[in-house]
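Number of protein chains: 2
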Amino acid sequence: MTDDARLRLRPLGIDTQQEFVIYMQHDCHVCRSEGFEAQTRVEVTLRGRRIIASINLVDANLLAPEEVSLSTSAWLKLDAAAGDFVIVEHAPTLDSLSAMRSKIYGNRLDAAALNAIVGDVAAGRYSELHIAAFLAACAGGRMDLQETIDLTGAMVVVGERIDWGRAPIADKHCVGGLPGNRTTPIVVAIAVAAGLTMPKTSSRAITSPAGTADVMETLTCVDLDVPAMRRVVERVGGCFVWGGALSLSPADDLLIRIERPLDLDSDAQIVASVLSKKIAAGATHALIDIPVGPTAKVRSDQDADRLQALLEQVAAAHGLQLRVLRTHGSQPVGRGIGPALEAHDVLAVLRGVAAAPEDLRMRALVLAGELLEFCGHSTPGAGRSEATRLLDSGAAWTTFQAICEAQGGLREPGVARLREAVLADRAGHVSAIDNRRLSRVAKLAGAPGSPTAGVELHLKLGDRVQRGMPLFTLHAQAPGELAYAKRYLATHAFMTVASEVPQ
Amino acid sequence: MTDDARLRLRPLGIDTQQEFVIYMQHDCHVCRSEGFEAQTRVEVTLRGRRIIASINLVDANLLAPEEVSLSTSAWLKLDAAAGDFVIVEHAPTLDSLSAMRSKIYGNRLDAAALNAIVGDVAAGRYSELHIAAFLAACAGGRMDLQETIDLTGAMVVVGERIDWGRAPIADKHCVGGLPGNRTTPIVVAIAVAAGLTMPKTSSRAITSPAGTADVMETLTCVDLDVPAMRRVVERVGGCFVWGGALSLSPADDLLIRIERPLDLDSDAQIVASVLSKKIAAGATHALIDIPVGPTAKVRSDQDADRLQALLEQVAAAHGLQLRVLRTHGSQPVGRGIGPALEAHDVLAVLRGVAAAPEDLRMRALVLAGELLEFCGHSTPGAGRSEATRLLDSGAAWTTFQAICEAQGGLREPGVARLREAVLADRAGHVSAIDNRRLSRVAKLAGAPGSPTAGVELHLKLGDRVQRGMPLFTLHAQAPGELAYAKRYLATHAFMTVASEVPQ
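Residue numbers (my numbering), protein chains in the order written: chain A, 1 to 503; chain B, 1 to 503.
It does not matter which identical chain is meant; a pair holds if it fits inside one copy or across any two.
SDA-like mimics (lysine to any residue), calculated; alpha carbons at most 20 Å apart, straight line: (1) 486 <-> 5; (2) 486 <-> 92; (3) 486 <-> 41; (4) 486 <-> 30; (5) 77 <-> 123; (6) 297 <-> 97; (7) 297 <-> 102; (8) 77 <-> 10; (9) 460 <-> 327; (10) 486 <-> 43; (11) 77 <-> 52; (12) 297 <-> 107; (13) 486 <-> 89; (14) 486 <-> 36.
Hint data in this document are derived by calculation from the structure and do not stem from the laboratory.
Using the sequences and the accompanying hints, generate a full structural model.
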């Protein structure tokens, strides 16, 4: 490589998230000699570190001909400093893209192909376009059982894997779709209070207004690395950690960032995402909550059967014990939808406040009871009452506080600056709640980006309504977000009030 | 909308191709009040024009808090000027994305859904991720016949459609892949000389060293709008116009730019792309040239059969008469590769010069003969001799000159300032020509940006070679470009000379 192939880095400070972009000048001699154009994929090398990036061409007022810049994520990945010299060359051909195209064309992928694809995704070698195409190709039931097993294995292999050196290691997961179903913090508190080891890693929201990590972040620090997580678990038996900082199944996070704008879910991706995280986190016993209901993620028993069978088969192939519990998914759980609003509900249940949402409490007790039996702590049939005892005695709340203290301290979640109640325009009863629209309203109001934003529900299905009574309250930090949620609501009501008079 | 929601445009000059990007400062008050983050999709309004763009957040050294910038394509789309004020709001929900997801999940799309998707693509409302997912969902034979018919119709509907008020209107198209296969100007000249109406629209190069529009631009003006095109066709019966200025099937160009980096071809997309342009241009009779060969786009007769059947069925559904002609796709056509070099070949054939490339002449005569029969000008079997008569008599050349005069005048294409022959380093025969590498060399030499640049071939497959004999000549305008082409050639020969002695 001759010296004139080197280009000097100048910071511009442009944030393109996970997509690596290199900014080059139109008249740059390397662009001309290499035939680079806008969007050409290139390999950028700095002191032995390499990334693949897409070119954005810029005018002479931003960069000199011998200068280049990198988007923020690319700059961090290369550990670059202003004035460093990089080499920019044509990106090597990615063999795994042929496998991806083969999948698009309807062929199945073997373990080697999936390892190659997932490895390239994890290494940042796929553009967002490639990831989008891969996800679309795998969605809609186009991955068979063995492909799903191999995808799960590939996602474990590319990341770190924790060995706790003991068993059982308890874990739980809810296959989303039910707004406000924030049982995890309560279940962990009960399980750990019972003496189980439950090192819980959680994700942030993908398409929902809040993930467990978003909720727990309003209460304590969740950005722990593996050594810090180990210290917490050794001391108190459990933890609440954001999985994204741990490099457990790192490809999953990159895939999820593209699934989100596409609003894509597929059984294979769900199973691989859920189980790869559990396996990488060292779980031996995983309890999976599948809410089933007309507006939940899983809408019918038939869909639940399919997903359950796939979860069980893939878990078994990887030596993970797995139990599935189906729950009702007909309406939201608790009162709050959004990180801080859900945290308030969780605290109310743990503290045993009289006004605590009973549905959230009952769901958490059912799951915790099942987990206690599954992990051999309680005899069959005795789990629920043991869980209830641990919650009502305050043992779970004490454990919860101990975990949060070990993670850096427990804090009270905030309250949004702007709150506006939406009132009933007629008398009657609540006849339907559309979970998807409710989630959308909470997101438009700012959740989870604004942790205090979301929707506070005042009514459950079947509740009687007087005209002018508040149905729910919108919580937002920014006027624009409040206005956007209201604009959407004007044409997309999520709560239906049926007149009392039979039609 | 209050005044403080307005943000001042400052040019940065960043080319992100078709993806509309808005650059906003981290501390911008609109970002903060609206809850915008990197990659949020927003609607940008300027004097009643609206686009949907993705946010890239930038540091304070690039933009002041009340300033924003736009990528080059977004800037042009809004017809923006430095200092203009734009409004930036949350992008509206796109209902067509639900249809797109439904396709990903394996359901078929009806005409209304396809109209909605293609309409949103054409309006720039889809991000590149959405387009990539849509393309992947439709590839691999997942579009049935009716969907392909409806996709084609949708692509016509979103653009302009020309009605010539008469029939037949002749058209031709080549399903790409062969460098130098520039038959179109000759076929049009012959067909129009025979009295047919042939208002030809063509594209510029996408990944190749020259498109028909690039070649014709070295001979006359091709940037005509629809009224100008009409005047030319009414006067002389045909034209050579760059389709990009006409807004015929505008979604096609946007889809093609994403298909390219994904390296995705699907029959449905090819057929919809080709036929939507023809239908929008008002053609009644379309002749399709499908070169079949190991380095052409269509590699086997089986692939050609499938493509041909689909072209015929979709054309029939739209009332377009269509005939397919398969040709050999084993090696480049003519001598020149690059806009002016190919124009010289075209002129030599039209002028009947003894040294005119015989392969180009023969391919043009075969296609023109077929077209004359297809449009009812010649009886079956008599087309080729009629085409030959029109070419050899000089009638086609006279017609060609008349068309160019009507478009603003015929000019002689230029000749590159720098020419350098590459000599054989051994005796033998030409045993292989790699079309892909040949195209790359022509592009590195400057084609199509420098119209006179490219490669002039002196030999065909099988030709005997003496040591020291010129194999081909590089044409370039700039010493740097000549050097880039030579540097690439040093490690990527495109013409293989096999020794005469059997190995």
